[in-house]
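As you go down the protein sequences, you meet chains A and B in turn.
Residue numbers for the first sequence follow the working numbering, beginning at 1 and rising by one.
Residue numbers for the second sequence follow the working numbering, beginning at 285 and rising by one.
Hints listed in this document are in silico derivations from the structure and should not be mistaken for laboratory results.
Backbone N, C-alpha and C define an ideal beta-carbon position, used for all residues, glycine too.
Please note that the accuracy of each hint is not assured.
What the hints assert, rightly or not - What follows is a set of in silico ranges between Cβ atoms, one per label pair, in the way DEER data are often shown:
no.: 1; chain 1: A; residue 1: Gly248; chain 2: B; residue 2: Arg667; range: 37 to 47 Å
no.: 2; chain 1: B; residue 1: Tyr580; chain 2: A; residue 2: Val168; range: 20 to 30 Å
no.: 3; chain 1: B; residue 1: Val658; chain 2: A; residue 2: Glu23; range: 37 to 47 Å
no.: 4; chain 1: B; residue 1: Arg667; chain 2: A; residue 2: Ser233; range: 49 to 59 Å
no.: 5; chain 1: A; residue 1: Met1; chain 2: B; residue 2: Ala306; range: 53 to 63 Å
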Amino acid sequence: MLAVNHVTKKYGTFTALEDITIEFHSGVYGLLAPNGSGKTTLIKMLATLLFPTSGEILWEGMDIIKLGERYREVIGYLPQEFGYYKHQSPRQFLHYLAALKGIDRAVARRKVPELLELVSLGDVIDTKMRKFSGGMVQRVGIAQAMLNDPRILILDEPTAGLDPKERVRFRNLISELSRDRIVILSTHIVSDIETIANRVIMFKDRKLFCNDSPANICRTLSGNVYETWEIESVTVPYFPLTQRQENGRTLVRFVCESGCPESARPGEPTLEDVFLYVYRDQVM
Amino acid sequence: MFIYWLELRKLLSSAAAWGFLAVCLLFNLFIIGNSGNGYADYIGAVSKETGVVLGESFRDRLSFLTTDGGREAQYLEWLKLETHGVTDVFEGYETGYIGERYIAAAGATGYFAQAMRDKYAALQKVVDGKAKRDESLSLYFAGATYARHQLLFKSLTGWLTTEGALIAALVALLSAGYEQICQTGDVVYSTRKGRRIMLPKLAASLTAGLGAYAILALLTLALYFGMNEYGEVWRSNVSSLFNYRVDWIAGARPFVTWHSFSVLTYLLAVLGVGAGGVLCFSLMAFGIGMWVRNSYIAFLLFLAANAAMVAVPGLMPQTWTAGMAVRYFSMLTSVWLWLKHALWFTDGDMDILWAHFETLGLGVSLAALTAFCVLAGIRFGKRDLT
């Protein structure tokens, strides 16, 4: 178990995260919040790149800072801005990272092509990465995160740069991987996690806002989401969520807490609805 | 070890480092190209016949030498004149006056004055030993000695140390800041090896720095010795009566080294200290690179730190004991060792208080800069990597 206990992170007088307590067991955890809400700060602390100002992060009951390499050898990490050596091929780069991860060279020789095949880069395994598209680079990043078969897989905005087909492949891959490990997936794209996350963690105002299953989180708006064709009727105090085209007309989804218009019909709340509503001050 | 090789390979793939090395070689080629000295080459050539010990045998062999006239005849004439009736310059040579002049010029008192006197008392014993062994009765390049010695041991090896130090510093900064430049820090420092990768990075950058210095030295000196005839002069003593040094306080005086050096062993010793200096600058740059993660700012800081070390002794009032201490101890820093490279293995000058200052300074600098690197590494291990 990975436990974040009352962790606060400050940069001088600025507080990036305040008193965060979360427990991670096997499964997919989606960190869902707008940019700048502290997701990456938490992720970097989990990757030991940042140190908590107060509080502690425990892996199987021991402080991850004290565990040092014994902790880092169980993590796989894909950072938000995945850098790479442009003059190297994916094979060379992954072999370098395999050495840093303490993977035996013979094992790495077998595993590197396997992983690159898994992320559909088998045909460019020896091509210099300077020629790669953003999506290809991101797939190299995913492959390197899985090199050491990590018990904790930490992915910060992993689907950035992937096309829709790659996104689906990626989600399926994460679902498979999550059976016997902790997958922590940070994103502000709701569709990345709504189908695969066992739990969704949201931050608001630098604090933990919720840590629950997607269904329970959706339930918080139960009975408050409506849809209407009459776009002009969705004004204050209603909160508009999304619009979509249906039969050539625009259907508006909105949150209504009381006194809903008669023309509106109730809708099933989605994670996206909750996201838009919770972060209405930041998103809209 | 494997990670060390991978780090080294990263540095070896740097086009900028190779480009800089090529520019340095071109510059050295320019220096060598303008160093022609027909008389010195003639002496180098005839030394194979005459040997380099100025005695009866030398004079006999010299008298048998013939030329086809022209310039060589003139060179032979000069050589005969210069080596005729020479005497051992160390016989009866007193060194005490040098120390007294330096003490007076520096206004040194107390411990500093005593240390200076002690140094020249020790040098006197060395000079007496050299006199006993007739070390000064060595041909070297006769009348062309000063020019050749200055060219090789002041200009060329000086530039080699400068270039080696600069390349080593650049390579060290590249190594320390590589992940910052490539934005791979998050991935690299979160691996099992983590921030401890700085150790193989340091080893790789020291190797690359030394390697660059070795390549520069090998190619430059191969070119130099290919173009300048040394013959048997390799075996000449650098404390030859024809060699001398000049400073504005003690005037012109024999070139006295603490040990007995032939041209070959002196060159090897100078290259050895040069390599030590390169290591020092490499350590300093790497430490700064760990402290300041932006390589460009780190390079400016590296230059500023060295400039400050040069400037500080001059800015300290020499009427204070502390000011004087700063001045004398500064001479043990790598940048001052580099500036005083032409005096390595000699008694030095007014600023040098201790015998074997280059060895002492190298030891002190290596120890201090290693400690600095360790501290920078500890700090790097505990800091946030944002």
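key: In rising order, the numbers of the hints this structure does not comply with   = 1 and 2
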